[in-house]
Each structure stands twice: as structure tokens, then as C-alpha cells.
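A.B. asks: Chains as they are written, first to last, in this note's numbering: chain Y, 1 to 307; chain E, 1 to 652.
Heads up, a few of these hints could be off.
With a straight-line cut-off of 25 angstroms between C-alpha atoms, the simulated DSS-like cross-links for lysine-lysine are [to be verified]: (1) E:Lys-441 / Y:Lys-303; (2) E:Lys-652 / E:Lys-102; (3) Y:Lys-8 / E:Lys-482; (4) Y:Lys-293 / E:Lys-302; (5) Y:Lys-188 / Y:Lys-230.
Residues on chain Y that point at chain E, a partial pick, calculated with CB under 7 angstroms [claimed, not checked]: (6) His-61; (7) Ser-75; (8) Leu-79; (9) Gly-97; (10) Gly-101; (11) Leu-279; (12) Ile-295; (13) Val-307.
The set of hints was computed from the structure by calculation and includes no laboratory data. Ideal placement from N, C-alpha and C gives every residue a C-beta, glycine not left out.
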Amino acid sequence: MALMQTYKSNLNPDWCPGCGDYGILNAALMAFAELKLDPYKTVVVGGIGCSGKIPHYFNVHGVHTLHGRAVTFASGLKLANPELTVVVFGGDGDQLGIGVGHFVSVGRRNIDITIIIHNNQVYGLTKGQASPTLPRGIKTKALPMPNMQDPINPVRLALASGYTFVARGYAYNVQHLKEVIKKAIQHKGLSVVEVLQPCPTYNDVYTKEVYAQKVAYLEKEFPDWDPVVKSPEEASDKIKRAWDLSDLYGDKIYAGVFYQNPHVPTYEERIANRIPGYLKIPPAKVPIQVNGKPIASVEHILKPRMV
Amino acid sequence: MAKEIEVILGGPQGGGIETAAQIFIRSLARAGYYVYGKREYFSNIMGRHSYFQVRARDRPVRSVRSKVDIVAGLDAESIATHFDDIVDGGAIIYDPSFVNTKIVAMPMMEPDTKEHLIKRLKSEGYDPSVQGALMYAEEKLNAKLYPLPYKQMLEEAAKKLNVQSLAIVQRFLNTVVLSAVAALIGLPREDLESGLKDVFGARKPKAVEQNLIVADIVYDYVKSNFPPFHKVIGGNKDDNARKEPMAILNGNEAIAIGKILGGLTFQTYYPITPAADESFFLEAHEQLQIDPEFSEEAEILKGAGIVVFQAEDEMAAINMATGAALTGARAATATSGPGFSLMVEGLGWAGINEVPVVVTYYMRGGPSTGLPTRDSQSDLLFALSAGHGEFPRIVLSSGDHEEAIYDAVKALNWAERYQTPVIHLVEKNLANSWMMVKPPKRDLISIDRGHLVSDENENKSYARFEFQDNGVSPRALIGVHKALVWYTGDEHDEYGHITEDPVTRYEMYKKRLKKLELADKEIPESERAILYGDHDADIAIVGWGSVKGAVLDAMDSLQSRGYNVKFLQIKVFSPFPRNIVREVLSRSKIVIDIENNYLGQAARVIAMETGILIKHKALKWTGRPITESEVVMAVEKVVKEGAETVILRDGK
Ligand SMILES: Cc1ncc(C[n+]2csc(CCOP(=O)(O)OP(=O)(O)O)c2C)c(N)n1
Ligand code: SF4
Ligand SMILES: [Mg+2]
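This is chain Y alone, in the form it adopts within the complex (with noise of 0.2 angstroms):
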């Protein structure tokens, strides 16, 4: 606990009382401290949202980002210094609302930063709107008029999207949700951890009540619970039972890791390969100068251009 007090900052958090985002950040500022993260060397990115603020509230770089695009600040963030570890925080209108786009793209390079997703199915900061992952014909406390629009998953978009690590935790579960985060970070590739995150202001539908009875744990109901790819082509058989089992709208929500593959090269792998100094020499790390003389030279390209 002392630990961790080290990775928070001074700042008060200005959520409601009760805000589920509370657990969220206990999560992961314990997961940092048993980490053992070098604040210098990590970087919390976060969206716009309640759950946005969170990057103020660590005591390592915070990057407070724009609706929607924290995944892209993050993305050029780590392949700039692959070094840091970047974990990116938002809601899920930020994630996978406005910001979809970028959500599913990332899932196609399985660079290794770790997404969470503070699922409260509404938006929070906005004053209780629908979020995508508000069922239809739902109303919530806010709402003028039931939902009118079906949700997506965050999890099984996540699988169809080639995210390698895919899990979900509850927000009131913190100790559960601080081994998820853990392994989510320690997960080398794309990671993503949707958070059931109860918004005691504007969803009166979803509470932290009814998740007390719905939430169950994977590694509890099915003892043999494996989510780790073993070869490349287990991956489909894996991904299908994952997909199975993270409904969120039957008896039980199952939380937990749901699929881990670690046989996809990381972006930075990608890069290294074409590029063999790009780890060791990052493009943060490039020295462009010497007593503000440039480095590069051009002569190659331009020799076949001289007439």
C-alpha cells in the first residue's frame, strides 16, 4: 500500500462518490507498485471522459489526450521509445465510440501497449448520454427515451480485431482487476482489459448490485481455464470459446483473461526486423546533431538524381 502511494499523485481525484473509476485507479496504481514500473519510463495515456482524468492522478508521465484518440497519442508514443510502457485509459464512448476507429486498427499491429476500458455504458462527463455499449430498448436515469441502438462488445471486438490479450475485470473487484492489469501489461503485445465499471450518477440499470450477483470468474467456473495460445494454431479454438463466453448480458458475466496469444511479433519486432537499429536506437533516441551540425547525410539519394 505504502508502495503505491509513490505512483499516485497529489491531485484529488473529481469523480462522484462511489464512481466506479475509483477501483479502476486503485487497480492500477497497486498493479504499478507490484510492478515495480519505472515512473520515468512510463506513460499513462488517457481519452476524454471522467475516466479520461486519470493520467492526473498517477505519478508517472500523463498524457491527457483528446475524445476518441488516446490509442494514437499512445501508439506514437511507444514506437517513438519502445522502451516505455504506455497504458492507455478511456470510456467507452471515447474507446469505442468516436474513437472505434483507432480501437480496431491498433488490433492489426499488436503493439505492446495495454488498453483499458472503463465500461459504465454511458457518458459519464457529458451527463448520462448512451454509450455503445448500452443495450437497446435500455433507459438508463438520464435518458429522455430507451436506446434505440444495439451495443457492441468491447471484448469479442477486441478478438475480432487480433487484440493478443483480452480480459475484463470489474471495478469493484480490485484485487482481481490489479492481477488482470498486471498481466495485461506483462502481456507482450496488444493488451486490452474492459473494466464493468458502475456510474452510481447516470446508470441506474447496470449497478454495482446487479454485478454482484452476474460477475463471475473464469478461472473459478472452469477450473482448467487456459486462455494462453500454446501454438499458432490453437489460436482459432481459443478465440471461439472466448467469444462464447463473454456475453454481457446473460446470468453471468464472466471476468477474467479470455485469450492470450503470444506468438504475434510485435509491432516493434516488425519494425526491428526492417530497421535492426530501431530497438537499441529508437527514433527518440537518434543523436540528429553534433554542435548543431546535421548527422544525415543525404549523398545516396541524391547521387542517382545528379545530372
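Once you've looked at the hints, dock chain E with the ligands against the given chain Y.
C.D. replies: Relative to chain Y, chain E with the ligands alone:
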């Protein structure tokens, strides 16, 4: 006698015009000329009419004129399109089989183009066909016609090359047409050979050989079947020969080269014409090469490179570049109007967070998709004001390829020195034109990384946005310095944490905008606005971007017509060089603003920044670049007739 020739080579997109023109440009350069060439094409991959306009002479050349000496077409549509683009007595090279083609039957010509053409020919009393077009050219323009039997040339080529099917030699059609032009102007065979070698390279000696066989057939045919053309310029190897070694570059290449020299290590993009080629070029040269002077660094940097990333859209492109910039990588993105529209929110984020990110903005015709492959200068006001709220930005524009190299370095330097986004404005006309450039001089290039935290030690009290008198706070790089930073698109305190406090807001807002004042103080105005020609001339032309080439080329002929003209090129629009501009304009009797847009956007900026209203304007919005001839015409109209707005419409 001064030697000069200008040629249009036209054909269907994908039909080999591009290669032919590259060979032609290099052959002329090898023959001792200065060469300039621009490419016009549709937003289409195969079939629509595209052409190259190539101009060569014994002194530097930077633009095209409205009329050329020779039009040569691979197909009937090229002739129908360009028959009246020749000067009086100019030549048209075509295949006799084209003449029966009716304009109405040209499958790839756009319906409205057909309609305009048919109406025009009919109203002048000519048949709406290639035949009618050629008769028009002969009778009204004294055209010299060169009906060259392309098929016969190819058949002979097939025999000599020992190939059975005509379909295989068909790919030499571009060489047939090119060789006809070369023969007409008396381009020495050896120079054509050098041009072929330049383009095909040592890797394809066979292609060079085969093309030369084709060229010989055509040279012979032209010599024995046509009377000589009156403009046989031959080579240019004697006194007037170009002595200095130069590089032939297009604008995309020039900027990429500048970025590499400037230390770019991270480039993002989403494909868009005419910007994408820059990123492709960078990716092709992703392995860093180090100047031999820095052998120590070369050792350390073995295998290092530039990451070029194709993002999912332009929002990702700018934000990824911004993210990379936070780590200390020199980062940029390249785009065009539609892409920049998407980048605007990200630009504001970089602005409020004082991030050095460079956007190379290739203007094309807008709004919306507009004219995706045509020239325009209509995004100046947009670039200057894109984004809600106020934040400092540097907007600089390049007038030609050589400038573009150095400007690309400046953009990267200024971004870091003033910790703010820089928009480097160029045009389609720069991207898709080829010019001869003096190789960049290393001693003219320096790298300025701006104010970074100097302390290697841990700094627990570091504040990224610490208030400073000049607005520039020392920058700590994520992952490099032992100092924590926070960034947010919300207003923030010195640590980068969100605040809505009015006192902090007041200070932080001012601090950001002060950096623009600093840039205004530090960057000499003489670097931001450049005056060409006789400083005491009565007539001042004001322009920017690729208008520069047309105006500089026009100055000679204006001189010979008795107009003493100077040219004020505005290069940096923010911070605006108001003193020079005010001084030059108020000292001139007649001021003419020349721009490739409808509103006269630079003139509006001048009015805003100096209070000077420019009365005379020459404007163009057809999507084609302004020609030297149009500049001459515009000056005459203004001076002789007092015209306030001269509309320019030349070019196909
Ligand atoms: C481009 C843009 N559009 C709209 C907004 C307004 N906005 C702020 S937060 C938000 C929704 C946040 O919802 P979610 O991402 O689910 O986060 P939560 O507040 O629920 O944590 C919206 C639409 C914005 N900031 N930017
Ligand atoms: S509105 Fe909901 S999500 Fe936002 S802080 Fe309050 S409880 Fe949390
Ligand atoms: Mg939400």
C-alpha cells in the same frame, strides 16, 4: 542565340507518359540544359488524359508558359485536348489514324469537356474531330503537322527486336512519341541515351538498348519524311552549357530530403494525393546514412532508421506524430486539404501542449475532395486559423524545390525552438513538378533543438510549463529526462495539470502566445519575405508558393517589354513579416497580388497585418498553376488598362 524549347507530351494515364517525360527531362539535362517539367493528371489510375509539360533552356527555368512549341500525343484525345496549346508555328506530332476520331467518340474525355470542345470547333467552322482540331491548328496557328505512323514504327521495332507480337512492342509507344520530339528538336542521340540510362539505371541495360533501337527507327523516319522543324535546338554543350552539377527532384522528394537532413526520425501519414509520395519516398530511404564527418556517431547509429507509419486516418497520423514528439523524436506528418481538415483537433492539442510537430501541407483544389490532383493556393487562411481557440503556430510556405529542402529543416527547427506546431505549406504544383536543384549545402543547414532541460539528474519539482518571460519553458522528454511531465488538452497549470483558475489561465494563455512574439523577434523578416528584382521598381508583384517560379521567369520578358518589376515573395505568414511588406508595398506605385485562389487570400492577410489594401489582383482557380505568360499578361492588363482583377484561366 538563346535556346529554349517547351513541349507537351500527352497520353492516357498509365500509358507510359510519365516514363517518357522522365527520360526526356534527363536527356535535356544531360544535353546541357536547365529543365523544368510539371505533371497534370486526373484522379484516375488508367485511361484518363494525363500530360507532362517540359521546358528546357540554357538558363535556369522554374515554370511553364501557356503555349508550347510542340504537342505530341500518344492518343487522339491528347491531340483534341492540346491542339491549340501551341505557339504560332508550333508542331503537333500524332498518328495519322487519329484524324478520323470524333470528339464525341472519345471514351475517356469528360462530357462537359467534350461539349465545350465541340461547341468551340463548330463555332469556328471546324469539324468536331481530331481532323477539325488539326485543321484549326494549321489555319489559325500555322501549326506544322507531323503525322507519324506509330504502328509502322512499332512494327519495325518488333522486327529489329525480334519479337513476334505487336502487343509486346506496344509498350514502346511512349518511346516512339518521345523520340519523335527528340528528333524534331535535334536532341543528340547520345543525350537521349544518357537520359535512358538515368531512368532505367544500370540494372536494366536491356531496356536502354531496346529503347535506343526504337529511337533510331523514329529518328530516321522523321529525318527522311518531314521537313526540319524551325526550332532545332540540338544540344547545349558549348559556352552556354550548364556547368554546375544539379539534382533533378520533384517537390515530394525535395521535402523528404530536407526532412532527413533536418533529423526527422518519425513520419506518419494517411494516403492522399499529392502528399503520399513524400512518405513513400521516406520509407524507401528509412535506413539512416550518416555523413562521413561523423564517424563516431555513424558507429553508434548503425542500423538506425526513420519510422514511417501509415496510420488509419489523419487524426491518428497527427496524434501519433505528436506522441512521438513528446519523446524527443523529430516528428512530422504530410497531408493535403481533406486530411488536414481531419487533423485540426489534433493541431489544437499540440498547440495548447506546446508540442513541436510539423505538418507538411500539400494544397490541392478544394473544398471537400475538390480537384484531388490539381493545383491550388486556397488553404492559406485555413492553415492560419485551423483549430478552435488561439494558439501560436508558424506557417511557412516554399516557392520552389530548392527552398523546400531548407524550409523542411527550418520547420523542424522552429517547431522545437518555439515548441509549437509548424505548418509547411506547399502545393500540388511543387509536389508534381521536377526542377533542377543545387544540392543542399550542409554548411547552410543547422539543427536547433530549442530549450531542453539540461539537467541529467532526477528533478522532482520539474514543471513542464513553467512560466518564463519569453514563453519558452525547458522541455523534458518522456523517457529521456528524469522529470515527470503531464500534458492535457485542457487548460493547465505549470505542471500540466487541469485548471480553470482565471489567474493561471491568464498567465498560461499569454505564455503560449508570447512564443509567437518571440519567433517574430528572432526570425529575421528578410527570411520571411524576400524581395527579388530592382528594389526601386515601380511595379511590385506580391505572391507566395509556386507563383514564385512563374513571376521570376516572367521578369525578363516584362523587362524587355519595358516594365520594371520587383517581386515580393511572402514565405512566412505567421509570424507575419509586416515591416518588410509594409515598406515594400508603400514604396511601389503599382502593387499586383497574384495568387492561385478566388479570394486573394494572401492579400487579405496583408490587409489584416498591415492595413494595406492591394487594389490589383490576378487570380486563378481552375486548378492549373499560374504560367509565366499569365503573369506577363496580368501585369500588362493592370498597367495598361488599370484592371483591378485579372482572371487567369490558362492550362488544361
Ligand atoms: C470531439 C469531441 N466531441 C465531444 C466531446 C464531448 N465529450 C466529452 S466527454 C464525452 C463522453 C465521455 O464518455 P465516455 O467516453 O464513455 O467516458 P466517461 O465519461 O463515461 O468515463 C463527450 C462526448 C469532446 N470532448 N470532444
Ligand atoms: S458521472 Fe459516472 S462515471 Fe462520471 S464520475 Fe460520476 S459516477 Fe463516475
Ligand atoms: Mg462511459
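A.B. asks: So, for every hint listed, does it hold in this structure?
C.D. replies: Now the hints, each set against the structure:
The suggested pairing of E:Lys-441 with Y:Lys-303 holds, with an alpha-carbon distance near 14 angstroms, which does not exceed 25 angstroms. Distance hint between E:Lys-652 and E:Lys-102 is fulfilled; the C-alpha atoms sit about 19 angstroms from each other, no more than 25 angstroms. For the hint linking Y:Lys-8 to E:Lys-482, the alpha-carbon distance of about 17 angstroms falls within 25 angstroms, and the restraint holds. Between Y:Lys-293 and E:Lys-302, the direct Cα distance comes to roughly 19 angstroms. Compliance with the 25 angstroms bound is thereby established for this hinted pair.
Note on Y:Lys-188 and Y:Lys-230: the hinted pairing holds, with a Cα-Cα distance of about 15 angstroms set against a maximum of 25 angstroms. Contact between Y:His-61 and chain E, as hinted, is supported at the beta carbon level, the nearest pair being about 5 angstroms apart and thus within 7 angstroms. Of the supplied interface hints, the one on Y:Ser-75 holds, with its beta-carbon coming within about 5 angstroms of a beta-carbon of chain E, less than 7 angstroms. For Y:Leu-79, the shortest C-beta to C-beta distance to chain E is roughly 6 angstroms, which falls under 7 angstroms, so the interface hint holds.
Violation of the interface hint for Y:Gly-97 is found here, the shortest Cβ-Cβ separation to chain E being roughly 14 angstroms, above the 7 angstroms cut-off. Interface hint at Y:Gly-101: satisfied, since its Cβ lies 6 angstroms from the closest Cβ of chain E, which is below the 7 angstroms cut-off. Contact between Y:Leu-279 and chain E, as hinted, is not supported at the beta carbon level, the nearest pair being about 10 angstroms apart and thus beyond 7 angstroms. Taking 7 angstroms as the C-beta cut-off, the interface hint given for Y:Ile-295 holds, the closest approach to chain E being about 4 angstroms.
A hinted interface residue such as Y:Val-307 counts as satisfied when its beta carbon comes closer than 7 angstroms to some beta carbon of chain E; here the least separation is about 4 angstroms, so the hint holds.
Going through the hint list in order, the structure does not satisfy hints 9 and 11.
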